[in-house]
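A.B. asks: Model the full structure from these sequences, guided by the hints.
Listed below, chain by chain, are the residues.
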Amino acid sequence: MSALLEIDGLSAALKAPPRAPLLRGVSLGVAPGEVHGLVGESGAGKSTIGKAILGILPQAIAVTGGAIRFDGQDLLTLPRARLDRLMGSEIALIPQDPMTALNPARRIGAQLTDGLRLRRGLRGGELRARAVLALEDVQIPDPEAVLRRYPHELSGGMRQRVLIAAAFAMGPRLIIADEPTTALDVTVQKEVLRLIRQMQRRHGTGVIFVTHDLGVVAQICDRMTVLYSGMVVEQGAAAEVLANPAHAYTRALLAASPRHDRPDAGLAPVPPEVIDALRAEVARFGAGRRTGDG
Amino acid sequence: MAETTPLVEARALELELPDMNAPRGFGPRPRVRILHPVSLTLRRGEILGIVGESGSGKTSLGRTLLRLHEPTGGAVLFDGNDITHRSQADLRILRPRMQMIFQDPQSSLNPRRRVAASLSAALDLGAPGLRGPARRAALEEAARAVGLDPALIDRFPHELSGGQRQRVGIARAIVTRPDFVLADEVVSGLDVSTQAQVLALLKRLAAEMGLALAFISHDLSVIRALCDRVCVMRAGRIVEQGPCAALFEAPQTDYTRILLDAIPLPVPDPGWLERGAPAR
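Chains A and B, in that order, give the protein sequences.
Read left to right, the first sequence gives residues 1 to 294 (my numbering).
Read left to right, the second sequence gives residues 1 to 280 (my numbering).
Fair warning: there could be bad hints in the mix.
[Stated by the list, open to error] Between beta-carbon pairs, the in silico distance windows are: (1) A:R119 <-> B:G25: 41 to 47 Å; (2) B:P243 <-> A:A105: 30 to 36 Å; (3) B:P270 <-> A:L76: 33 to 39 Å.
Rather than coming from a laboratory, the hints here were simulated on the basis of the structure.
Ideal placement from N, C-alpha and C gives every residue a C-beta, glycine not left out.
C.D. replies: Put into structure tokens, the structure is as follows:
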């Protein structure tokens with residue numbers, strides 16, 4: 001099975017001097033129907049990768065190397081107009097915070113159907129029927145009523161369901177889910193994770209799942225990439241990486257994660273020598289790049 | 001000497017607050033019931049976890065224990081004194097002994113004041129007479145106690161990392177040498193490594209200072225790492241409480257079991273996602 005998304009040696013840096021690198025030669029692939037977890041602590045670059053794929057990197061950040069191939073075409077060199085046509089319809093986003101991602105002044109129905117109206121030219125009854133279907137797909141009861149509501153009239157879990165419906169509404173082949181459950185209660189988080197898994201399986205969608213929670217990765221991801229300071233630390237099948245982590249940093253992250261089935265887990269921070277070793281790897285990578293480029 | 005009387009006690013505590021969601025009409029706002037009779041005790045040197053989902057009343061309970069809310073029924077006892085209806089002026093004398101650590105040190109520290117000034121303001125509660133080098137020494141001691149380089153207290157909050165800022169939040173709470181500290185979701189915004197550091201720090205401080213620590217969290221995994229006992233809250237009631245080991249190994253109520261099962265472990269479990277799914 002050929003990859004749906006192939007990131008090849010992606011590097012990015014801040015534009016302002018001293019041009020601090022944010023991504024250092026990241027490579028990873030996502031096959032159709034596969035969920036790929038990006039994990040790491042803040043500053044690891046996991047959200048930056050998501051934004052680079054979507055073409056929504058902040059102005060201050062520049063891609064300095066590599067390629068992001070979707071369906072074989074490099075998104076980084078695609079003309080803006082073609083990129084815009086892909087985004088939303090072929091590649092969609094499930095954002096982190098359902099409150100800020102929805103416009104508080106527009107009804108759910110209007111926001112949910114933006115893509116179908118603008119890209120597919122649907123109108124009136126047909127548009128409405130598609131919106132109802134999209135909400136039914138994410139198991140929202142009484143979709144007709146929800147379409148008329150404003151975001152503040154819905155609970156956090158319902159708002160996140162609406163955003164999942166919006167992401168899947170155009171039948172995308174790739175979804176970037178950027179910490180989609182961080183703001184939710186644990187029982188709601190489980191429902192939302194279940195929903196994302198069901199939807200992506202049913203539609204064969206590839207998913208990049210950004211999270212800092214190794215527990216979430218274990219339950220929803222097929223493959224995973226551990227990042228530190230924009231560098232790939234470890235990559236592989238999620239079950240394999242979690243059961244037999246090859247890198248000391250992955251082992252340390254696991255040891256630092258509290259577990260309700262073990263009284264002694266979650267009290268050991270990542271040891272300084274592991275961080276020192278990682279920094280040395282990062283520095284070596286930088287040196288390697290410079291000689292390679294020169 | 002064995003400690004027998006609890007330092008903090010809630011006896012059938014009830015709380016009603018004005019309903020801020022109700023439409024504004026004539027007359028007083030309708031009131032909503034936040035806490036149904038809730039009873040708990042907390043001893044010196046003990047860490048009590050209070051866990052629940054949003055709206056369960058865990059934060060309101062914590063704030064009522066500190067008498068930031070006045071209960072509408074029941075009683076709050078602090079070190080044997082009934083403080084249920086004490087005036088804020090009277091409570092001010094006790095404030096140095098009961099402190100709070102907030103969730104977000106970014107928003108609970110004044111961005112325009114150096115860390116030392118924020119710590120010093122807290123110290124004004126407990127030791128207003130302390131001046132000059134002795135005062136500075138007290139601030140540096142608090143910084144060292146939380147593993148913060150004392151030189152950092154001359155910085156502004158934005159010059160510190162998230163973990164360092166949370167240490168400042170903890171230093172501010174312990175600078176008055178309190179007996180009771182309430183920590184409300186203090187690790188929920190932190191990376192796992194920083195979270196582990198803060199949890200280990202709280203555990204050490206509670207033991208060293210003989211603190212009674214109430215630790216509010218939505219995450220049972222974090223509670224297990226830190227706490228001796230735990231109260232599980234739902235809709236303003238404690239549905240289950242007990243020693244951590246017993247509660248985690250043999251939860252007695254369905255709700256505790258649901259909460260436990262909702263927290264994913266970093267071990268792939270093919271049945272986890274579908275377990276507990278509503279029948280369709």
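A.B. asks: With reference to the structure, classify each hint as holding or not holding.
C.D. replies: Structure-based check of all given hints:
1. In this structure, R119 (chain A) and G25 (chain B) meet the distance hint of 41 to 47 Å, their C-beta atoms being roughly 46 Å apart.
2. Checking the proposed 30 to 36 Å range against P243 (chain B) and A105 (chain A) shows it is violated: the Cβ atoms sit about 50 Å from each other.
3. As the Cβ distance of P270 (chain B) to L76 (chain A) is approximately 37 Å, the hint placing it in 33 to 39 Å holds.
The structure fails to meet hint 2 from the earlier list, while all remaining hints are met.
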